[in-house]
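J.: As you go down the protein sequences, you meet chains X, P, G, Z, C and F in turn.
If you read the first sequence in this note's numbering, its first letter stands for residue 1, the second for the next number, and so on.
If you read the second sequence in this note's numbering, its first letter stands for residue 1, the second for the next number, and so on.
If you read the third sequence in this note's numbering, its first letter stands for residue 1, the second for the next number, and so on.
If you read the fourth sequence in this note's numbering, its first letter stands for residue 1, the second for the next number, and so on.
If you read the fifth sequence in this note's numbering, its first letter stands for residue 1, the second for the next number, and so on.
If you read the sixth sequence in this note's numbering, its first letter stands for residue 1, the second for the next number, and so on.
Heads up, some of the hints might be wrong.
One copy or two, it doesn't matter: identical chains are merged, so the pair holds either way.
The calculated DSBU-like cross-link candidates involving lysine-lysine, where the alpha carbons are at most 30 Å apart (straight line), are [stated by the list, open to error]:
{"no.": "1", "residue 1": "Lys222", "residue 2": "Lys196"}
{"no.": "2", "residue 1": "Lys215", "residue 2": "Lys76"}
{"no.": "3", "residue 1": "Lys196", "residue 2": "Lys141"}
{"no.": "4", "residue 1": "Lys222", "residue 2": "Lys76"}
{"no.": "5", "residue 1": "Lys141", "residue 2": "Lys76"}
Hints are computed from structural coordinates only; laboratory data are not their basis.
Chain by chain, the residues run as shown.
There are 6 protein chains.
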Amino acid sequence: MSGIVVRNVERAPLEIVDGLGASGVATVHEAQGRTGLMRSFMRPIYGGARIAGSAVTVSAPPGDNWMVHVAMELLKEGDVLVLAPTSPCEDGYFGDLLATSAIARGCRGLVIEAGVRDVRDLQAMGFPVWSKAVFAQGTIKATLGSVNVPIVCAGALVNPGDVVVADDDGVCVVPRAEAEEVLGRARAREAAEEEKRRRLAAGELGLDLYDMRGKLEALGLKYV
Amino acid sequence: MSGIVVRNVERAPLEIVDGLGASGVATVHEAQGRTGLMRSFMRPIYGGARIAGSAVTVSAPPGDNWMVHVAMELLKEGDVLVLAPTSPCEDGYFGDLLATSAIARGCRGLVIEAGVRDVRDLQAMGFPVWSKAVFAQGTIKATLGSVNVPIVCAGALVNPGDVVVADDDGVCVVPRAEAEEVLGRARAREAAEEEKRRRLAAGELGLDLYDMRGKLEALGLKYV
Amino acid sequence: MSGIVVRNVERAPLEIVDGLGASGVATVHEAQGRTGLMRSFMRPIYGGARIAGSAVTVSAPPGDNWMVHVAMELLKEGDVLVLAPTSPCEDGYFGDLLATSAIARGCRGLVIEAGVRDVRDLQAMGFPVWSKAVFAQGTIKATLGSVNVPIVCAGALVNPGDVVVADDDGVCVVPRAEAEEVLGRARAREAAEEEKRRRLAAGELGLDLYDMRGKLEALGLKYV
Amino acid sequence: MSGIVVRNVERAPLEIVDGLGASGVATVHEAQGRTGLMRSFMRPIYGGARIAGSAVTVSAPPGDNWMVHVAMELLKEGDVLVLAPTSPCEDGYFGDLLATSAIARGCRGLVIEAGVRDVRDLQAMGFPVWSKAVFAQGTIKATLGSVNVPIVCAGALVNPGDVVVADDDGVCVVPRAEAEEVLGRARAREAAEEEKRRRLAAGELGLDLYDMRGKLEALGLKYV
Amino acid sequence: MSGIVVRNVERAPLEIVDGLGASGVATVHEAQGRTGLMRSFMRPIYGGARIAGSAVTVSAPPGDNWMVHVAMELLKEGDVLVLAPTSPCEDGYFGDLLATSAIARGCRGLVIEAGVRDVRDLQAMGFPVWSKAVFAQGTIKATLGSVNVPIVCAGALVNPGDVVVADDDGVCVVPRAEAEEVLGRARAREAAEEEKRRRLAAGELGLDLYDMRGKLEALGLKYV
Amino acid sequence: MSGIVVRNVERAPLEIVDGLGASGVATVHEAQGRTGLMRSFMRPIYGGARIAGSAVTVSAPPGDNWMVHVAMELLKEGDVLVLAPTSPCEDGYFGDLLATSAIARGCRGLVIEAGVRDVRDLQAMGFPVWSKAVFAQGTIKATLGSVNVPIVCAGALVNPGDVVVADDDGVCVVPRAEAEEVLGRARAREAAEEEKRRRLAAGELGLDLYDMRGKLEALGLKYV
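With these hints in hand, go ahead and build the complete structure from the sequences.
T.: Structure (structure tokens):
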């Protein structure tokens with residue numbers, strides 16, 4: 001089941017990908033019915049980055065980053081590399097040399113349920129990573145994995161070509177076929193929130209804004 | 001036992017609260033006999049914030065943030081919201097809209113044994129949070145909890161109106177009735193440390209400053 | 001087996017120590033055959049610091065920092081304090097007063113498989129720490145431990161006088177007797193990487209640069 | 001705040017304690033409104049034990065079991081020892097000698113948010129323990145703690161004299177003043193479940209037994 | 001995306017399911033190319049059980065077990081219930097009443113990335129469970145989830161009708177369409193192991209049996 | 001630094017090894033000054049086993065069990081295999097075939113800071129294992145490690161030929177050169193405990209038996 005590389009992967013149009021990136025993880029997660037969120041242990045190596053990209057997926061053996069080199073050739077402008085090891089591992093699959101290569105291919109960042117190293121350099125290069133660990137442990141190149149096959153990364157199913165959104169809140173995966181519709185709902189949500197934000201800032205309470213008092217009383221909430 | 005909201009909570013005078021905030025977590029924790037400290041997994045979403053406030057407590061079902069809206073109405077200038085879920089949970093109970101509302105009520109920050117989201121926005125707004133996780137996972141509004149009842153948050157008992165101090169070292173709870181006395185001891189401690197700091201900076205050893213050599217020798221410490 | 005303090009410890013020459021520090025954790029770890037790395041839970045209290053120093057080791061009882069004071073006297077210019085508790089503990093063994101003293105002794109930083117506090121002050125003082133936790137919990141001075149004996153810290157064996165390298169990637173220990181040779185290999189590695197970095201930045205693929213295509217094909221990698 | 005031993009503690013009548021023990025953790029937890037449950041990391045050292053007892057509480061420094069000896073004198077027939085360290089610790093505070101003493105005092109078991117050792121002997125003696133860890137690490141007797149003061153153990157507030165129920169499902173704390181009422185509700189719950197169990201065993205569905213179909217349809221559940 | 005119940009799910013023939021169960025997790029995992037294994041935190045509530053069954057999947061909100069009742073109606077002889085919460089949760093979704101009902105429907109066991117309770121009763125009833133936690137915490141019935149949709153459980157993708165194998169080694173998922181082929185490979189593997197077991201028991205070394213000495217020497221293994 | 005196999009390792013006499021095994025982990029740990037204990041996450045795969053043996057150590061790459069086959073040849077009657085991966089890993093390095101071989105070589109058990117599988121079979125064969133995880137994940141045979149070199153396993157330094165004691169309390173390592181002396185102290189400790197056990201069982205308190213009352217009073221313990 002390993003040793004497969006899928007060359008051609010359909011991607012969402014870049015303007016949709018970029019739109020999802022602008023909305024960010026929390027909004028996109030809500031806009032698609034609260035699905036696709038990776039586990040909270042996936043943390044950015046530095047704060048402030050917000051990206052979206054089309055997933056090039058890597059399924060790699062524990063402690064073996066050979067398939068990252070294979071994936072590199074398949075990266076296109078606007079892609080994000082997404083790696084899940086075939087068994088839990090926090091070795092440092094990726095560092096500054098691979099980031100140099102990834103940037104040269106137009107890659108926007110890395111999402112990895114394992115470790116990463118050279119994080120100071122990666123930050124200086126502006127190459128964001130969301131990972132399970134920062135760990136200098138070196139990897140080998142001995143065993144095949146697969147590229148652009150469906151993977152489960154940090155609890156979320158990722159198909160190649162899915163849109164991956166990542167920021168300080170974590171990582172969320174949008175199925176490619178739903179990307180446009182999710183973007184529409186994300187923008188509608190943002191527009192709706194603008195008015196709420198204005199009213200809440202003015203001191204109005206959510207209890208009134210969302211008309212909650214009656215429901216709470218009906219359920220028996222008691223003020224003492 | 002849930003579904004209770006206590007409207008009126010006695011608070012410590014704001015100058016005492018502010019004094020404790022200025023002393024910070026490590027000093028306050030020492031000044032009250034090394035009690036009241038929350039578990040070390042409670043981390044700030046951004047560095048550098050140091051706050052103190054009177055606790056408005058929330059006991060909420062897992063994945064349900066309805067009671068946060070109820071608590072919002074009870075917040076006064078100088079308060080800190082403290083939330084513990086009724087079973088372990090790391091969903092994102094709180095984001096930028098709630099922070100907008102909390103700031104409008106004079107709230108100084110959030111302490112939550114669960115998750116928070118929109119952390120980039122919260123940092124931009126200057127609304128500090130100490131949480132167990134950063135997690136975009138949305139919550140619902142379906143079940144009652146309680147507001148301003150005693151809770152256990154991250155291993156520490158918090159009564160409504162207690163003073164909560166939080167900074168980069170973590171979170172510490174000071175019982176309201178002891179706040180003034182603890183502040184006195186914290187200030188005495190700070191004064192005493194000033195002289196020690198000067199002498200240590202000049203190269204004097206703690207072994208001499210604290211007169212430890214004799215005790216260590218008596219216990220049998222051997223230099224080889 | 002405790003209660004021992006070794007006064008005189010051989011150290012590597014400072015120019016070798018400094019050279020290893022300049023290379024950083026990932027490179028040094030590779031240069032010595034991927035050994036000596038501490039567990040990934042050892043994280044810096046603030047980003048951007050990179051140090052190397054000769055280890056002054058402390059074996060301390062849980063929740064008891066007395067031996068840190070004993071160790072302080074033995075610190076020399078260019079040393080790093082390395083502490084492992086005798087059973088798992090995350091109490092705050094070290095804060096701003098001890099850091100003041102350590103800086104006065106020429107100490108470059110602390111590596112501790114336990115907790116640390118006053119982290120805001122430590123950052124302001126420029127005293128870097130790699131720890132298992134940030135935790136304000138106070139410690140006592142009641143029981144003997146040992147100083148400058150071999151310890152296991154975060155999974156790595158540390159002998160007094162070993163060179164400890166630490167940066168944003170973690171902490172790596174170089175046996176003193178191998179320090180010079182490791183430095184040589186680290187520098188050779190850096191030189192070799194320079195050319196690779198240039199070629200990768202120009203768009204060349206690792207698949208070609210490292211001549212991997214044939215081996216991958218031989219192992220049966222299939223493109224579809 | 002430490003160094004306090006409260007000699008006289010009010011306890012619930014033994015027949016109420018025993019009744020709660022017969023009901024078990026899950027039922028008692030439900031009967032008191034889903035409160036009082038300790039964290040799930042509190043596991044029995046052997047399967048099959050089910051106990052209830054009045055809490056004699058111990059607040060102990062990390063790695064120091066001196067207060068267990070102090071508590072021993074205060075144990076009465078039907079008590080359970082409950083220990084929380086003042087900072088996280090998994091050292092082995094308790095082994096077969098202490099169990100010998102506890103059994104001689106009529107103690108029914110130990111609940112400890114730390115470690116325990118000699119577990120094979122404890123099982124042979126029939127002395128059940130619920131702990132955070134099994135760990136042989138020895139402890140010292142150097143620093144005071146307190147006995148029979150309120151403690152937070154594994155996330156639950158325990159007052160001396162509260163009823164502690166423990167079985168394979170974990171540990172639940174019942175406030176002494178509510179013990180009788182909770183027992184009544186527990187028994188009512190058991191009676192009600194008997195009939196449900198019979199009907200479910202006969203193949204009736206919960207959907208029908210609890211009349212859920214209408215509510216699910218109203219909320220929009222779709223069968224496809 | 002929630003609120004969906006799929007009534008009709010294709011299942012593998014029971015003799016294939018039973019064959020996979022007889023082979024057990026380790027063999028089946030190998031036979032399908034080392035895929036489909038759930039995370040190691042999924043542990044049986046009692047030792048010695050070994051089952052296989054067709055998956056009826058449940059996606060449930062955190063702390064809400066309503067959908068388990070919905071799933072109950074869809075269980076057929078030889079099924080296994082598989083539940084993943086929509087965000088991490090260890091509440092006790094399942095206890096002895098639900099097990100009574102499940103047994104009445106012919107269900108062989110439960111696999112749940114959350115908590116379970118009444119484990120003593122479940123063992124007495126012979127109803128095996130693999131779970132992330134044993135936890136008495138009660139759940140509610142307030143929000144819709146889905147039944148028989150694809151889920152990710154403990155890191156493994158599970159489609160309704162897939163074959164789930166579980167024993168003391170953990171849990172492994174076999175895609176329905178591959179079940180027969182995997183069974184064939186599992187049996188071939190068992191046959192091949194029989195001979196190896198005999199030779200190893202007789203003292204022959206794996207080094208010779210698998211002809212490893214030459215390869216090891218070629219790679220440079222040095223005996224000293 | 002890898003690729004080394006040390007053939008000849010000095011071992012402690014078997015009667016000393018067996019004596020330490022009879023004393024068990026908690027007693028041996030105390031007898032050697034509370035050192036050598038592995039982390040508490042090292043748990044037996046079944047209860048009741050108590051072994052001691054001379055360590056044959058294995059340093060293995062993550063997910064690669066080739067060196068276990070190499071080690072097998074070096075096992076002698078009374079040995080225990082001790083394996084630490086070179087980076088954190090919980091894959092199943094060892095199963096029933098390897099156990100068959102190990103038993104044929106006189107090996108008494110396995111201590112592994114990683115995973116193990118076929119645990120039902122291992123229990124049936126009476127081959128005890130202490131591991132970090134039970135996990136069916138298969139391993140490969142591609143990269144060299146080392147056999148009979150010093151390793152750090154679960155926080156403890158293990159030299160080849162050291163005596164490893166393991167039971168339900170965990171795992172403890174005794175340096176070979178100290179084995180005889182430690183055994184002497186262990187037996188003295190057991191003799192001393194016999195009398196204490198008798199007196200405690202008769203109801204005498206540790207407070208009196210160990211003459212603690214005066215010291216506690218001197219430190220300020222207050223009974224209220």
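J.: Give a verdict on every hint.
T.: Now the hints, each set against the structure:
Taking the shortest Cα distances, Lys222 and Lys196 sit within 30 Å of each other inside one copy (27 Å), while across copies they are farther apart (32 Å). In this assembly of identical chains, Lys215 and Lys76 lie within 30 Å of each other by CA distance solely across copies; the values are 24 Å between and 51 Å within a copy. In the homo-oligomer, the alpha carbons of Lys196 and Lys141 lie at most 30 Å apart only across protomers (17 Å), although the nearest pairing inside one protomer, at 53 Å, exceeds that limit. Taking identical chains as interchangeable, the C-alpha atoms of Lys222 and Lys76 lie at most 30 Å apart only when they sit on different chains, with a minimum of 20 Å there against 58 Å within one chain.
In this homomeric assembly, Lys141 and Lys76 come within 30 Å of each other (Cα to Cα) only inside a single copy, at 23 Å, whereas the closest approach across copies is 35 Å.
No hint from the list above goes unmet by this structure.
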